[in-house]
Amino acid sequence: MKIERIELFHVAMPLIYPWRTAYGEDAAIHSVLCHMTSGSVEGWGESTPLAAPCYSPEWAGGVFHTVSEWLAPAVIGQEIDSGEDLQKKLSLYKGNPFAKAALDNAWWSLHSRKKDVPLHVALGATRNEVPVGADFGVMDHLDDLIEEVGTAVEQNFPRIKLKFRPGWDIPMLKAVRSSFPDATFHIDCNSGYRIQDTALFQAIDEFELAMIEQPLQHDDLTDHAQLQKIIKTPVCLDESITHPRRAQQAVTLKSCRYVNIKPGRVGGLTNAVKIHDLCQEADIPCWVGGMLESATGASHCTALAMLDNFTYPADIFPSEKYYHEELAEFPLRLSNMAGEIPGVEAFEQLPDPDLRRLESLTIQRKVIKS
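Take the sequence shown: its letters are residues 1420 to 1789, numbered as in this note's numbering.
It should be emphasised that the hints constitute simulated quantities derived from the structure, not laboratory data. You may find that some hints are simply not true.
Listed next, the in silico DMTMM-like pairs over lysine to aspartate or glutamate satisfying Cα-Cα at most 25 angstroms (straight line) [as the list claims (entries may be wrong)]:
1) 1785 - 1739
2) 1533 - 1504
3) 1507 - 1638
4) 1533 - 1764
5) 1740 - 1573
6) 1648 - 1627
7) 1785 - 1588
8) 1788 - 1767
9) 1648 - 1702
10) 1533 - 1771
11) 1788 - 1503
12) 1593 - 1624
13) 1533 - 1423
14) 1673 - 1616
15) 1740 - 1504
Pair by pair, the computed Cβ-Cβ distance ranges are [as the list claims (entries may be wrong)]:
16) 1744 - 1511: 26 to 32 angstroms
17) 1446 - 1704: 30 to 36 angstroms
18) 1508 - 1434: 34 to 40 angstroms
19) 1446 - 1599: 41 to 47 angstroms
20) 1510 - 1673: 47 to 53 angstroms
21) 1783 - 1435: 23 to 29 angstroms
22) 1498 - 1785: 21 to 27 angstroms
23) 1673 - 1775: 48 to 54 angstroms
The structure displayed is predicted, hence computed values, not measured ones. For each residue, glycine too, the CB sits at the ideal point set by N, CA and C.
Using the sequences provided together with the hints, build the complete structure.
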């Protein structure tokens, strides 16, 4: 199909509660929306690298300019018949996976609408629903966290993720585990530690966590391999996996026992499916992560999470948890799966942004035409 028009929006979506991690704090989520048109059909993609280059080297303002000045002009007016074809056209430009994801995700949305099939079917998924977990960032008070975790346990979330950083670490974990001895927990370090902190992670073994997510540097594979040899708790890689090649290297080095896949971080749905497939071949289970996208972006994560090797509950969040007013036309809501486990159902029609809200939250926009 021919890509005839691309419109980009850099938006800032205010959060109900600041999102605090090892790399900092966000009061609003900065995202880049891509509106792609071919003939009478249109698709939307979202990439959410956040406001500052702290989670990764990319940031929303930079992504907006990279796409508008370089990537979009490389594909506008082109006949693009597959995600692989799109990635090849973008391969001249090194790195920049979040920027590439804005276009790749929009292409898949456009493609599924052209084919008149749901996105999860277009990606090759066989399921129609996926379980999700509960996530909690660093809070003002430990009592607040205990209360929120208690609610998540009562609601039967199959697993709970806790942000973990210096000053919000072992004492926090002890308090949570002692309060909820039978719940499934894992911690997310957001690359806040180094291999010299191995003793800390050996101590964490006693808490019987499902995994430790991205404990070491954001671009590391070798130290993670060393750490995984020493500790019993599975290591999960997140920030380190930015491309299928990196995932293959992690498999070869035995750097982890789980992989978190976020479409934005790996360059879009095309690469996300590739990473899923190679991990499946290596018997490494995956799960889908989120970047607090609007329901437009979360719908892509939901479709991806329905592939077979996504066996750990996903990071896909109901809109009301983080936003007073959802950017997308229809908010993301959780449903109850068999056994009353919270989950997300497949989107038959991807939720587009609400144009009024999009305009009110837009920082900058640009149109690229063929």
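Structure-based check of each hint:
1. At roughly 29 angstroms between alpha-carbon atoms, residue 1785 and residue 1739 are farther apart than 25 angstroms, so this suggested pair is violated.
2. A distance of roughly 17 angstroms separates the Cα atoms of residue 1533 and residue 1504; the hinted pair therefore holds under the 25 angstroms criterion.
3. Note on residue 1507 and residue 1638: the hinted pairing holds, with a Cα-Cα distance of about 23 angstroms set against a maximum of 25 angstroms.
4. For a cut-off of 25 angstroms, the pair hint linking residue 1533 to residue 1764 stands: about 22 angstroms separates their Cα positions.
5. Under the criterion of a C-alpha separation no larger than 25 angstroms, the hint pairing residue 1740 with residue 1573 is consistent with the structure, at around 16 angstroms.
6. A threshold of 25 angstroms between alpha carbons decides the hint, and for residue 1648 with residue 1627 the separation of about 17 angstroms falls inside it, so the pair holds.
7. A hinted pair counts as satisfied when its Cα atoms are at most 25 angstroms apart, and residue 1785 with residue 1588 does not qualify at roughly 43 angstroms.
8. Distance check on the hinted pair: residue 1788 and residue 1767 sit about 29 angstroms apart at the alpha-carbon level, beyond 25 angstroms; violated.
9. Restraint check for residue 1648 and residue 1702: the C-alpha separation of about 18 angstroms stays at or below 25 angstroms, so the hint holds.
10. Our distance criterion of 25 angstroms between C-alpha atoms is met by residue 1533 and residue 1771, whose separation comes to about 16 angstroms.
11. Restraint check for residue 1788 and residue 1503: the C-alpha separation of about 22 angstroms stays at or below 25 angstroms, so the hint holds.
12. Distance restraint check for residue 1593 and residue 1624: the Cα-Cα separation of roughly 12 angstroms lies within the 25 angstroms cut-off, and the hinted pair is therefore satisfied.
13. With a C-alpha separation of about 14 angstroms, the suggested pairing of residue 1533 with residue 1423 holds against the 25 angstroms cut-off.
14. Only pairs whose Cα atoms come within 25 angstroms are accepted, and residue 1673 paired with residue 1616 is accepted, the gap being roughly 19 angstroms.
15. Among the hinted pairs, residue 1740 with residue 1504 is inconsistent with the structure: their alpha-carbon atoms are about 37 angstroms apart, more than 25 angstroms.
16. Roughly 39 angstroms separates the CB atoms of residue 1744 and residue 1511, a value that falls outside the hinted 26 to 32 angstroms.
17. Range check, residue 1446 to residue 1704: Cβ separation about 34 angstroms, and the 30 to 36 angstroms hint holds.
18. About 35 angstroms separates the C-beta atoms of residue 1508 and residue 1434, a value consistent with the hinted range of 34 to 40 angstroms.
19. A hinted range of 41 to 47 angstroms for the beta carbons of residue 1446 and residue 1599 is inconsistent with their spacing of about 29 angstroms.
20. Taking 47 to 53 angstroms as the suggested C-beta distance range, the pair residue 1510 and residue 1673 does not conform, at roughly 28 angstroms.
21. A C-beta distance of roughly 25 angstroms is found between residue 1783 and residue 1435, which places it inside the suggested range of 23 to 29 angstroms.
22. With their beta carbons about 23 angstroms apart, residue 1498 and residue 1785 fall inside the hinted range of 21 to 27 angstroms.
23. For the pair residue 1673 and residue 1775, the supplied restraint of 48 to 54 angstroms holds, since their beta-carbon distance comes to about 50 angstroms.
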